[in-house]
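Here's the letter readout for the chains.
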Amino acid sequence: MRIHTMACRSLRRNLRRSLITAFSIGFGVFLAVTFTASGDYSYTNMIETSAVMGLGHVTLQPVGYNDSPSLSMELAEAEMFHRELTAIPGVEAARARIAGQAMFGAGAKSVGGAFMAIDPDQETPAYNLLTRSITQGALFDSDDERGVLVGERMAKKLKLRLGKKLIITVTDKNGEIASELTRVRGIFRTGEHSVDSSLVLLPLTMVRKLLRYGSDSATYVSVYLEDHRQATEMVNYLRTRWGQKDVEILPWQKTQGELAGLVAVDRLFNYLLQLLVGLVIAAGIMNTMLMSVLERKRELGIMMAIGMRPGQVVGLVLAESFWLAVVGLGIGVLITAPWFYYMAVYGIDFTSLMSDEYSAGGVVVEPVMKFRLYRESAAAIIGVVFTLTIAAGIYPAIRAGRIPPVDSIKEI
Amino acid sequence: MNLFRLAIKNVLRSRQRSAVTVSAMAFAGAIMIFYASLLEGWYVAMKQNAIGLEMGEMQVHAKGYRDDPDLYKLVTDEKRLVGVLRKKGLLAAPRLIGGGLAAAGSNSAGVMIRGIDLELEQQVTLLHRHVWHGQWLAGDDPAGVVIGRKLAKSLAVKVGDELVLVGQAADGSMANDLYRVRGILKSIGAATDSGGLIMSGAAFRQFMSLENGVHELVVKRISPALELTPLAQELRGRLDTLEVHTWQELQPVLARLFEMSNISLVIMLLITYAAVGILTLNAMLMSVFERIPEFGVMKALGVSGLNLFTLIVIETLILTTFAVTLSLVVGVPLSYHFSRVPLDFSWLLESSTTIAGIAFEPQWYCHLNSSSVILPTLFMYLVALIAIFYPAAKAALIRPVQAIHHH
Numbered sequence: 003m004r005i006h007t008m009a010c011r012s013l014r015r016n017l018r019r020s021l022i023t024a025f026s027i028g029f030g031v032f033l034a035v036t037f038t039a040s041g042d043y044s045y046t047n048m049i050e051t052s053a054v055m056g057l058g059h060v061t062l063q064p065v066g067y068n069d070s071p072s073l074s075m076e077l078a079e080a081e082m083f084h085r086e087l088t089a090i091p092g093v094e095a096a097r098a099r100i101a102g103q104a105m106f107g108a109g110a111k112s113v114g115g116a117f118m119a120i121d122p123d124q125e126t127p128a129y130n131l132l133t134r135s136i137t138q139g140a141l142f143d144s145d146d147e148r149g150v151l152v153g154e155r156m157a158k159k160l161k162l163r164l165g166k167k168l169i170i171t172v173t174d175k176n177g178e179i180a181s182e183l184t185r186v187r188g189i190f191r192t193g194e195h196s197v198d199s200s201l202v203l204l205p206l207t208m209v210r211k212l213l214r215y216g217s218d219s220a221t222y223v224s225v226y227l228e229d230h231r232q233a234t235e236m237v238n239y240l241r242t243r244w245g246q247k248d249v250e251i252l253p254w255q256k257t258q259g260e261l262a263g264l265v266a267v268d269r270l271f272n273y274l275l276q277l278l279v280g281l282v283i284a285a286g287i288m289n290t291m292l293m294s295v296l297e298r299k300r301e302l303g304i305m306m307a308i309g310m311r312p313g314q315v316v317g318l319v320l321a322e323s324f325w326l327a328v329v330g331l332g333i334g335v336l337i338t339a340p341w342f343y344y345m346a347v348y349g350i351d352f353t354s355l356m357s358d359e360y361s362a363g364g365v366v367v368e369p370v371m372k373f374r375l376y377r378e379s380a381a382a383i384i385g386v387v388f389t390l391t392i393a394a395g396i397y398p399a400i401r402a403g404r405i406p407p408v409d410s411i412k413e414i
Numbered sequence: 174m175n176l177f178r179l180a181i182k183n184v185l186r187s188r189q190r191s192a193v194t195v196s197a198m199a200f201a202g203a204i205m206i207f208y209a210s211l212l213e214g215w216y217v218a219m220k221q222n223a224i225g226l227e228m229g230e231m232q233v234h235a236k237g238y239r240d241d242p243d244l245y246k247l248v249t250d251e252k253r254l255v256g257v258l259r260k261k262g263l264l265a266a267p268r269l270i271g272g273g274l275a276a277a278g279s280n281s282a283g284v285m286i287r288g289i290d291l292e293l294e295q296q297v298t299l300l301h302r303h304v305w306h307g308q309w310l311a312g313d314d315p316a317g318v319v320i321g322r323k324l325a326k327s328l329a330v331k332v333g334d335e336l337v338l339v340g341q342a343a344d345g346s347m348a349n350d351l352y353r354v355r356g357i358l359k360s361i362g363a364a365t366d367s368g369g370l371i372m373s374g375a376a377f378r379q380f381m382s383l384e385n386g387v388h389e390l391v392v393k394r395i396s397p398a399l400e401l402t403p404l405a406q407e408l409r410g411r412l413d414t415l416e417v418h419t420w421q422e423l424q425p426v427l428a429r430l431f432e433m434s435n436i437s438l439v440i441m442l443l444i445t446y447a448a449v450g451i452l453t454l455n456a457m458l459m460s461v462f463e464r465i466p467e468f469g470v471m472k473a474l475g476v477s478g479l480n481l482f483t484l485i486v487i488e489t490l491i492l493t494t495f496a497v498t499l500s501l502v503v504g505v506p507l508s509y510h511f512s513r514v515p516l517d518f519s520w521l522l523e524s525s526t527t528i529a530g531i532a533f534e535p536q537w538y539c540h541l542n543s544s545s546v547i548l549p550t551l552f553m554y555l556v557a558l559i560a561i562f563y564p565a566a567k568a569a570l571i572r573p574v575q576a577i578h579h580h
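Each protein sequence line maps, in turn, to chains A and B.
Residues are numbered in our numbering as their position in the first sequence, beginning at 1, plus a constant of 2.
Residues are numbered in our numbering as their position in the second sequence, beginning at 1, plus a constant of 173.
The set of hints was computed from the structure by calculation and includes no laboratory data.
A virtual CB, placed ideally from N, CA and C, is assigned to each residue, including glycine.
Any given hint could be a false lead.
In silico lysine-lysine, BS3-like type, Cα no more than 30 Å apart, as pairs [unchecked claim]:
hint, chain 1, residue 1, chain 2, residue 2
1, A, Lys161, B, Lys236
2, B, Lys236, A, Lys159
3, A, Lys211, B, Lys326
4, B, Lys246, A, Lys159
5, A, Lys412, B, Lys182
6, A, Lys158, B, Lys246
7, B, Lys326, A, Lys111
8, B, Lys220, B, Lys252
9, A, Lys247, B, Lys393
10, A, Lys372, B, Lys393
11, B, Lys331, A, Lys256
12, B, Lys182, A, Lys299
13, A, Lys175, B, Lys326
14, A, Lys175, B, Lys331
15, A, Lys158, B, Lys326
16, A, Lys158, B, Lys236
17, A, Lys256, B, Lys182
18, B, Lys567, A, Lys299
19, A, Lys111, B, Lys236
20, B, Lys246, A, Lys161
21, A, Lys159, B, Lys326
Cβ-Cβ distance ranges computed for the label pairs, FRET-style [what the hints assert, rightly or not]:
hint, chain 1, residue 1, chain 2, residue 2, range
22, A, Ile411, B, His510, 26 to 34 Å
23, B, Gly278, A, Lys111, 22 to 30 Å
24, A, Glu147, B, Asp313, 52 to 60 Å
25, A, Ile396, B, Gly262, 14 to 22 Å
26, A, Leu164, B, Asp313, 50 to 58 Å
27, B, Ala316, A, Ile350, 51 to 59 Å
28, A, Glu178, B, Ala329, 16 to 24 Å
29, A, Ile179, B, Gln406, 51 to 59 Å
30, B, Asp313, A, Ile350, 38 to 46 Å
31, B, His510, A, Lys111, 50 to 58 Å
32, B, Ala311, A, Lys111, 29 to 37 Å
Far from chain B, by Cβ distances over 10 Å, these chain A residues were calculated [said to hold, decoys possible]:
hint, residue
33, Arg18
34, Tyr45
35, Ser72
My request is simple: use the sequences and hints to build the entire structure.
See the structure below:
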C-alpha cells in the first residue's frame, strides 16, 4: 500500500492547517539555525583568539607545568618537537615559546607582569595576536637581541615610548634573580585589559640566555591545527608518537580551561533555550495531529473495516508527521537561507553600541554577530526536527490505531 | 438566550477537542512562564554580580580620587557620613585602598590592598559570600587576608600559606608585613581576580600607618524602590568636598551592556511568544473552522450573526481561561522550584570565570516576578482572540445553507 501517498493526500486535504503547522516547524528551524550558528561562530572565534594569545590548540609542555607554571621548568627538546610537528598532516603551524612572570622597570616606576619570548623568524601575525595587534613600531628582528614589544596600557603606566629603555627582572631556572636592559621597539593593543597592561614580548634567544636555558629549550611548543575540533585526536596521536619522552601534551580545553568551561556552559544554556522553544512547537504539532485524528475517526474506521490493520493506521499517522517535518524543513530552509547567507557573509556589527572591548573568560570577543554552522550542528538540527515532529505524532498515531472500526463508523 | 450557558455546553460537548486545545495551550503557556523567569533570573544574577558583589550602587570618594587614586586623598568624617546616608535610606561601608607588592616563595605580584569594615561591608556587598576556598575575614584574625583567585595562582599560594606584603606607608616609610591566606575568592571581577587582596580595616591602618579617614564609601539602597539618580544629585549638592557616583557613572560600559542585554532578553521572549502564538492560532483556527457547519445549523434555527460571534468569543475565553489556569498551576511551581534550586552547570567549569569583567556563576536561578506571569497570560488571551476573529466573523456572516455544506 502506498502509505506515503495517502499521508500526503490527507495533509493536502486540510491545507491551511498543515501549512500553519509546517510553518511553525520552519520557524523552529529558523530559530535553531540562528542560535546555533551565532554560537558556533562566536565559539570558534573565541577559541581561535585564545589560541593565538599563546598556547595554541595543542600544547607540548614540561610535565606538571599546566598545574603550577614556573620558569624553573623547561622543555629541553622544544626545537626538535617544533621541527617534527610542522611535518605532521593536520598541523598548520607550531611555535616554540617561553612564558613566565617578570618585573618590568622604567625610570623610577616598576610593575609586575608576564612575558612571552618568541623567535622573530618563526612568528607570523597569523599565529600571534600580539604581533598582529601592533599599533606603533614593529616586531624586533632576529639580530636585535634587546628589542621588546609592550602592551599599550603598560606603556602608559611606565610612560614608555618607542626606543625607551625597559629593565626586565626574572628569577632564572636556578631561582636566582637576573636582569636585562631592553629597548621598546613596538607597542601593541589587543583590547583585553589584562593583556595590554601586563604582557611584554621578548626575543627568544635573549631570554634563553637570561634564564640559563639550553639553546633548544622553551617553556612550551604551541601547535595550531587546521580545525580546533581535531585537538583531542591530535593529542592522542602525539601522545602515542612521543609517549616515552618527558613531555606533557594537552589540548586547548586543558590549557585554556576557563574558556573551555565558558564555551561549554554557554552552549548548554543556548541548547536549553532552544529546547524549550522546540517543545512548544512540538506541542503545536501534537495538537494538530491529534485533532486531525479525532475528526477523521469515521474515515479511519472505514479504512480499518475494509482491511487496514491497526499497525498500518499508526504508520499512516506517523507518515503524516514525517511529511509535515519534511515540508516544515523545506519552509525552514527557504526562510533561513537568505538570512543565513547575509549573516555568514556580512553579519551585524555592534561596535558602535559597545564603545569598549567586551571580553569573556579572558578572551576578547569581537562585537559582531555572524553565522557559521558546523556540519555536525546542521545535522543535529535536522535530526532534532525529525525526532520532535515524529515524537509529537506518536501519541496521536497510537490513538488512531485504537479506533474501533465498527463503532466509529456509526458515530456521526 | 443565555449565551454563556450555551458556550459552556458547547465546550463540554466536544470534550476531546476542548481537552486537546486546552492542554496544548497550557503546555505552551507553562513553558513560556518558565522561560520568562529563566531569562529574568539570568538578568537579575548578572546585575547582582556586577553591582552587588563589589561595586555597590553608589560610591563616595574625596574630590579627585577617581582620576588619580592616592593614599592621601581621604574622606575624613566617614562615621558621620555613614549616619547621614542612613537617614536617606542608604547603607554605606567605608573602604581603605592602597597598592603594594605581594610575594610568596619566588613569586611576586602587584596587588591592590583593600581594608574593609567587616560588619558594614556585609550589609552593602556580597563579597563575604563569594569565598571559593578557605574562609572569609574574621575580626580575631588580623593577619588573615583574602585574595583573588588568579592572584592565588600567579603567587602559587593555597589557603594557609604565608605571603609577604610590601608597600609604601602613609608616613613615607616602607611598610612590610607577613600575612596568611585565609581565603581565596571566586570570580569577583577582572581586577579583583588578578590583583585583589582584602584585609580588615584595622589591619590596613596598621600596615599603612594610616590613622584616620577612608578612601571610599560603597553605598546601597535599603529599599530598591528608592530612585538612585535624584538621590545622588541631592547628595552631590550637600557634600561639596566629595565626589558621588552612581554605578552607571562608575561603569558606563556596564550600564550600556545591561541595556543591550535587556533588549536581547526582550527579543528572546518575543521569539517564544511567536512560537506560542502560532500554536494558539492554529489550535483556535481549527476549533472554530471545523465547526462552521454546526454554526450554520444554529443560524438556520434563528441565532443572529452577532449572537453567534459573541458565543464563539465566549467559548474561546472559557478555553483560554482553562489553559491559562493550567499553565499557571504547572509553570509557577516549576519556576518557583528552580528559583530555590538552581540549574547547576558547575560540573562543566573548573572554576568561576568572568564575562565582560562581571563574575559569572554556573548556577542558573529562575526569577519569578509579576511580569513573567502576567505578560504570558495576557498574551495568550490576545492571540486567542486575534486567531478566532476571522473564522468567527466568517461564521457570523455566512449564509446558513452554505455553512452547513462548508468544508
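With respect to the beta-carbon atoms only, verify the hint that His510/B and Lys111/A lie 50 to 58 Å apart. Between His510/B and Lys111/A, where Cβ atoms are some 55 Å apart, the hint holds.
Distance restraint between Lys331/B and Lys256/A, which requires alpha-carbon spacing of 30 Å or less: 21 Å, holds
Verify the CB-CB distance for Gly278/B and Lys111/A against the hinted window 22 to 30 Å. 25 Å, holds
Determine whether the non-interface label on Tyr45/A survives the test: each CB of chain B must be over 10 Å from its CB. At about 14 Å from chain B, Tyr45/A clears the 10 Å cut-off, so the statement holds.
Does Lys299/A sit within 30 Å of Lys182/B, going by the straight-line distance between their CA atoms? Cα-Cα ~22 Å, so holds.
Within 26 to 34 Å or not, the Cβ separation of Ile411/A and His510/B? 48 Å, violated
For the pair supplied as a hint, Lys175/A and Lys331/B, confirm whether the alpha-carbon distance does not exceed 30 Å. 23 Å, holds
Pairwise hint evaluation, Lys182/B against Lys256/A, where the allowed Cα distance is 30 Å at most: Since the Cα atoms of Lys256/A and Lys182/B sit roughly 65 Å apart, the hinted pair is violated (cutoff 30 Å).
Given the hint that Lys158/A pairs with Lys326/B, does the C-alpha gap stay at or below 30 Å? Distance of about 26 Å is within 30 Å: holds.
Hint consistency between Lys220/B and Lys252/B [alpha-carbon to alpha-carbon, up to 30 Å]: 29 Å, holds
Between Lys161/A and Lys236/B, does the CA-CA distance stay at or below 30 Å? Holds, because 25 Å separates the two Cα atoms, which is no more than 30 Å.
For Lys158/A and Lys236/B, compute the direct alpha-carbon distance and say whether it is at most 30 Å. Given that 30 Å is the threshold and the Cα spacing comes to 23 Å, the pair holds.
Going down the numbered hints, you'll see the structure goes against 9, 10, 17, 22, 25, 30, 33 and 35, while the others check out.
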